[in-house]
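Heads up, the sequence shown is in our numbering, so the first residue is 6 and it goes up one at a time.
Each statement offered as a hint is correct.
In silico EDC-like links for lysine to aspartate or glutamate, alpha-carbon gap of 16 Å or less:
1) Lys154 <-> Glu73
2) Lys145 <-> Glu67
3) Lys145 <-> Asp109
4) Lys119 <-> Glu104
5) Lys54 <-> Glu67
6) Lys164 <-> Glu55
In case anyone wonders, no lab produced these hints; they're calculated from the structure.
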Amino acid sequence: MKSSHILFSVLALATSLFAAPALAQKEDNIIRQRSCATNNYTHQIDSLKEYYKSHGFSLLREASMQMESAFEMPIIVPLNSREWYSFVFIGDPGARLYEVRMYDYTEKQVIYRKNLWGDVDGNIINFTYVPGTSEFHMIKPVQVHKTKKDLCGYVMLFKRTSAPGDPQVVGKR
6 MKSSHILFSV LALATSLFAA PALAQKEDNI IRQRSCATNN YTHQIDSLKE
56 YYKSHGFSLL REASMQMESA FEMPIIVPLN SREWYSFVFI GDPGARLYEV
106 RMYDYTEKQV IYRKNLWGDV DGNIINFTYV PGTSEFHMIK PVQVHKTKKD
156 LCGYVMLFKR TSAPGDPQVV GKR
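Construct all of the structure, not just a fragment, from the sequences and the given hints.
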């Protein structure tokens with residue numbers, strides 16, 4: 006009985022000694038979202054917020070995020086069934102490619118948008134989406150810049166809360 010208690014203690018000690026470095030190493034592989042300066046496109050952000058507000062949408066979430074050129078930055082959001090959402094991604098104005106993919110809970114791609122540097126929309130990708138079921142969705146924006154590695158992106162998620170003709174929307178312009 007005593008030997009099994011000693012054996013258990015030795016195994017617990019060995020596990021804690023070997024598991025700590027493995028856990029620390031695993032922490033290095035985690036993608037963490039960091040904010041960044043959006044001075045170059047503050048005007049675009051403000052204009053889009055005003056546009057969506059005047060069309061009956063409320064801002065649910067917004068964030069600036071530091072991105073690496075050619076690497077996706079996953080964003081997970083809960084969306085409710087039969088609600089009307091609009092997602093906006095604003096990329097670095099100097100990037101040459103912008104893409105946004107959206108996946109549902111089963112990892113099925115439900116949205117794909119791509120802009121190139123010379124396109125009319127330029128560095129802004131936006132789309133509306135009405136999910137069939139209430140579940141988490143993953144949105145993966147990516148941008149590619151020829152010379153810069155570290156880029157800044159800005160995302161906004163809006164939800165339709167009233168019709169554009171409602172007096173409460175018209176009065177708030």
